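Participant: As you go down the protein sequences, you meet chains A and B in turn.
Just so we're aligned, residue 30 is where the first sequence starts under the working numbering, counting upward by one.
Just so we're aligned, residue 42 is where the second sequence starts under the working numbering, counting upward by one.
Hints listed in this document are in silico derivations from the structure and should not be mistaken for laboratory results.
Computed from a predicted model, the values in this text were never measured in an experiment.
Check each hint, because a few of them may be wrong.
Said to hold, decoys possible - Sample of chain B residues facing chain A (criterion: CB under 8 Å; computed from the structure):
no., residue
1, 49
2, 51
3, 80
4, 81
5, 119
6, 122
7, 125
8, 151
9, 152
10, 155
11, 165
12, 168
Glycine residues also receive a C-beta, built at the ideal position from the N, C-alpha and C atoms.
Residue strings, one per chain:
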Amino acid sequence: MAKAELKSETKTEIEDSSSLKGTLVSVFFVGFFIVVLWVGVYFLYLDRF
Amino acid sequence: MHMHKFEKIWLIFGVTALLVFLSVLGVSAFYLGNQPPSCLAVVDPTKVDEHETFKEPGLKKVEGKDWDYELVFVAQAFAYTPGTVEVPLGAKVKVIATSKDVIHGFGVAGTNINMMVEPGYISEIVTTFDKVGEYLVLCNEYCGSGHHLMTSMIKVVE
Ligand SMILES: [Cu+2]
Numbered sequence: 030m031a032k033a034e035l036k037s038e039t040k041t042e043i044e045d046s047s048s049l050k051g052t053l054v055s056v057f058f059v060g061f062f063i064v065v066l067w068v069g070v071y072f073l074y075l076d077r078f
Numbered sequence: 042m043h044m045h046k047f048e049k050i051w052l053i054f055g056v057t058a059l060l061v062f063l064s065v066l067g068v069s070a071f072y073l074g075n076q077p078p079s080c081l082a083v084v085d086p087t088k089v090d091e092h093e094t095f096k097e098p099g100l101k102k103v104e105g106k107d108w109d110y111e112l113v114f115v116a117q118a119f120a121y122t123p124g125t126v127e128v129p130l131g132a133k134v135k136v137i138a139t140s141k142d143v144i145h146g147f148g149v150a151g152t153n154i155n156m157m158v159e160p161g162y163i164s165e166i167v168t169t170f171d172k173v174g175e176y177l178v179l180c181n182e183y184c185g186s187g188h189h190l191m192t193s194m195i196k197v198v199e
């Protein structure tokens, strides 16, 4: 019995695997987290004697 | 060499951050004249009790200096002298400390005062006590079995 051929015509948009968009977002997520921490610590330093 | 545009962006970001931090360090040291608390001032650790500054620990009013008071601490296992001291609110104080035996810490909880106290060296920090309260002085360099009991108290009073 022949199997019903599975043929879908839907085209999924696959990004070029060399795209670095996700990497860019991740890098700046970490980067800005560090900057926010640094600013916070600096103002804590200014507030104390 | 081919480099992706995004790679350039985060490399520039990283290198800029590095340059900013190095500049901050340079301005702090060479323009503002900031020094580490222990900066080449020495004392004979066996003769601390006879030393001009350390023979009478505690708060002393001084004249003709950039600060109004000098607060002298002597650290030894496992206590500070004085064990408690009152400082008037708003006083500009130079905290001066040394150790008679091993390396101790001098951290004042909730403030920016935090330095190492090494035998043979004088650690100094200038600050203005501008908030009323009781501030716990803690040893934050492990110095022996009584390390956790080594405390003092600075009371900032009006
Ligand atoms: Cu200690």
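Participant: For each hint, tell me whether it holds in the structure or not.
Facilitator: Against the structure, the hints:
no.: 1; hint: 49; in the structure: 11 Å, violated
no.: 2; hint: 51; in the structure: 5 Å, holds
no.: 3; hint: 80; in the structure: 20 Å, violated
no.: 4; hint: 81; in the structure: 25 Å, violated
no.: 5; hint: 119; in the structure: 27 Å, violated
no.: 6; hint: 122; in the structure: 23 Å, violated
no.: 7; hint: 125; in the structure: 19 Å, violated
no.: 8; hint: 151; in the structure: 7 Å, holds
no.: 9; hint: 152; in the structure: 5 Å, holds
no.: 10; hint: 155; in the structure: 10 Å, violated
no.: 11; hint: 165; in the structure: 16 Å, violated
no.: 12; hint: 168; in the structure: 5 Å, holds
Violated hints for the displayed structure, listed by number in ascending order: 1, 3, 4, 5, 6, 7, 10, 11.
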